[in-house]
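One letter stands for each residue in the lines below.
Number of protein chains: 2
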Amino acid sequence: MIRVAVDAMGGDYAPEEIIAGAVDAVKENKEIKVLLVGQEQVVREKLSGFTYDKNQITVVHASEVIATEEPPVNAIRKKKDSSIVVGMNLVKNKEADAFVSAGSSGAILVGGQVIVGRIKGVERPPLAPLIPTETGVSLLIDCGANVDARPSHLVQFARMGSIYMEHVMNINRPRVAIVNIGAEEEKGNALVKETFPLLKACKDIHFIGSIEAREIPHGAADVIVCEAFVGNVILKLYEGVGATLISKVKTGMMADLRSKIGALLVKPALKDTLKSFDASRYGGAPLLGLNGLVVKTHGNSKANEVKNSIIQCLTFQKQGINEKIKESLAKASQKE
Amino acid sequence: MIRVAVDAMGGDYAPEEIIAGAVDAVKENKEIKVLLVGQEQVVREKLSGFTYDKNQITVVHASEVIATEEPPVNAIRKKKDSSIVVGMNLVKNKEADAFVSAGSSGAILVGGQVIVGRIKGVERPPLAPLIPTETGVSLLIDCGANVDARPSHLVQFARMGSIYMEHVMNINRPRVAIVNIGAEEEKGNALVKETFPLLKACKDIHFIGSIEAREIPHGAADVIVCEAFVGNVILKLYEGVGATLISKVKTGMMADLRSKIGALLVKPALKDTLKSFDASRYGGAPLLGLNGLVVKTHGNSKANEVKNSIIQCLTFQKQGINEKIKESLAKASQKE
Chain A
31 MIRVAVDAMG GDYAPEEIIA GAVDAVKENK EIKVLLVGQE QVVREKLSGF TYDKNQITVV
91 HASEVIATEE PPVNAIRKKK DSSIVVGMNL VKNKEADAFV SAGSSGAILV GGQVIVGRIK
151 GVERPPLAPL IPTETGVSLL IDCGANVDAR PSHLVQFARM GSIYMEHVMN INRPRVAIVN
211 IGAEEEKGNA LVKETFPLLK ACKDIHFIGS IEAREIPHGA ADVIVCEAFV GNVILKLYEG
271 VGATLISKVK TGMMADLRSK IGALLVKPAL KDTLKSFDAS RYGGAPLLGL NGLVVKTHGN
331 SKANEVKNSI IQCLTFQKQG INEKIKESLA KASQKE
Chain B
31 MIRVAVDAMG GDYAPEEIIA GAVDAVKENK EIKVLLVGQE QVVREKLSGF TYDKNQITVV
91 HASEVIATEE PPVNAIRKKK DSSIVVGMNL VKNKEADAFV SAGSSGAILV GGQVIVGRIK
151 GVERPPLAPL IPTETGVSLL IDCGANVDAR PSHLVQFARM GSIYMEHVMN INRPRVAIVN
211 IGAEEEKGNA LVKETFPLLK ACKDIHFIGS IEAREIPHGA ADVIVCEAFV GNVILKLYEG
271 VGATLISKVK TGMMADLRSK IGALLVKPAL KDTLKSFDAS RYGGAPLLGL NGLVVKTHGN
331 SKANEVKNSI IQCLTFQKQG INEKIKESLA KASQKE
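Protein chains in written order, with the numbering used here: chain A, 31 to 366; chain B, 31 to 366.
Bound conformation, chain A alone (with noise of 0.2 Å):
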């Protein structure tokens, strides 16, 4: 059994599409209980349109909501009563396992290291959203709001992501590569240079060297390592470039009566290979090395990527991450 709490009030299609993807995750898996945070008499009114075991669902009530533009830091002191300082609490004190958000990332990045907490030995909590490649998916770390890292900070969340990836997304020995402008050790900037050989010694997670950004939608590894900026640029340009194309393609094949005949014949094909690129669909980035989970998922999340999100959490806690993150952790301190 598992208890995720749930933002009902965060993201562009809350509460409507939160309040349905958790519907639909308890009615998909049994061992899954939500807490619905947010304005009880708002959340009640649209769950009562829908059938599912009301001992899987219960509200918990959080009379404020934090808007996306709110500066994060001040938002999480001065809210207290707000549905992701609700949440998060909620996390903290043990009453919920997980807790899932499509709402503000700067305040849920914010609220996790502030409320929640980090593990001990953990120095900065990454996060870490899945992106689509040719193969598959690949783990982005860090695309957090921290930025200007160290070199520890980025071993660590080589370590985590490894974790997260060969036991939540079941990839063996997965591939850690650093971001980098070239495939030499000599290469790249003052903190991947100083990284790069203390990744090689790491014993316990299968360093395969740099990866250029060229050859990151091609899967060339499992976990990416990079610094946030770096990583909020990836993720970003991602979304940008895949947007663009996409409206490119379907304004080429506007362009004349013959290919408008032709994009009927191709549309069903090519939507589904199109899906398969889009990086909304695998739910939600954990936001790695807390006490507790925290999942932030895409602002435009619709009822499925919140399900997918929800039911994420309970392979996380199945597979006991933060108490694997805690052991390789202990383990790198013991070594040093």
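No lab work stands behind these hints: they were computed from the structure.
For the chain B half of the interface with chain A, some residues (derived, Cβ under 8 Å), not all of them:
1. Phe259
2. Lys266
3. Thr274
4. Leu300
Below, a list of computed lysine to any residue pairs in the SDA-like style, where the Cα atoms sit at most 25 Å apart:
5. A:Lys278 with B:Glu269
6. A:Lys217 with B:Ser182
7. B:Lys124 with B:Lys356
8. A:Lys223 with B:Asn176
9. B:Lys297 with B:Ile276
Glycine included, each C-beta is placed from N, C-alpha and C at the ideal position.
Starting from the known structure of chain A, arrange chain B on it as the hints suggest.
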């Protein structure tokens, strides 16, 4: 009249496509004189297959070739008779006005600084490729090999990029933005935070603030300022995501008979659309701020891209870009 030294030996399709591109360039424009630098016998043999005005192409012998994988500093130092070193010396000695190469990026960057040399006042010469967007092209500055830049470097990049886009690409008041992980001034890493107010204070550029990577493909800015590590990641991911998506679209279209028929119908229109999003067709990336013009064209350039890169040099010279850069930096340093 402009004299362009062209590296006949550099690039995936050298010397055939390079020579073909040089011939096309002189045929298209009578004001261009090409100095084809490379192994004389090989070059002359390939050239003999073309008809062109013999006054417009001269062959300059260079016995050595720098391979892409050679460590650049060493290659420039040791291979004094390589096409890159010989070509750059032609620019240094004012026997050529520009040098175009599809060869080793590293060697071109090193050679540009060491042999051709920087304009007085230029702290670091940036490599600035044009990237395709939904609405046209943007200049991505810097994508070179000099990582760990300082704020003052980025300010110079913004100035040089503005001059280039205004006078070579004919964009009135080019919009300059700095790559960041959020739109607000207080966001970013230490470098961006320090650079932001400096750019804001520049009266001679049209600074529009931060740009998130997601907005780059939409054409939200004309000059995209970043340090080389980030620029490199952006450039290569652009290529990588584009290539992967296009291959996905192709596979999707071949999924079944229905789609195959549709594909035949949409193909012509789609080809044009996707071509407009192909980075390689926009000629070469100038290495700005040098005593002479050095242009790096894509390693996989064919005749058409080589021709475009050569013709681009003419606009660069006619517009007196280097003189404008000198004036702009002199004015800026007076103010300080």
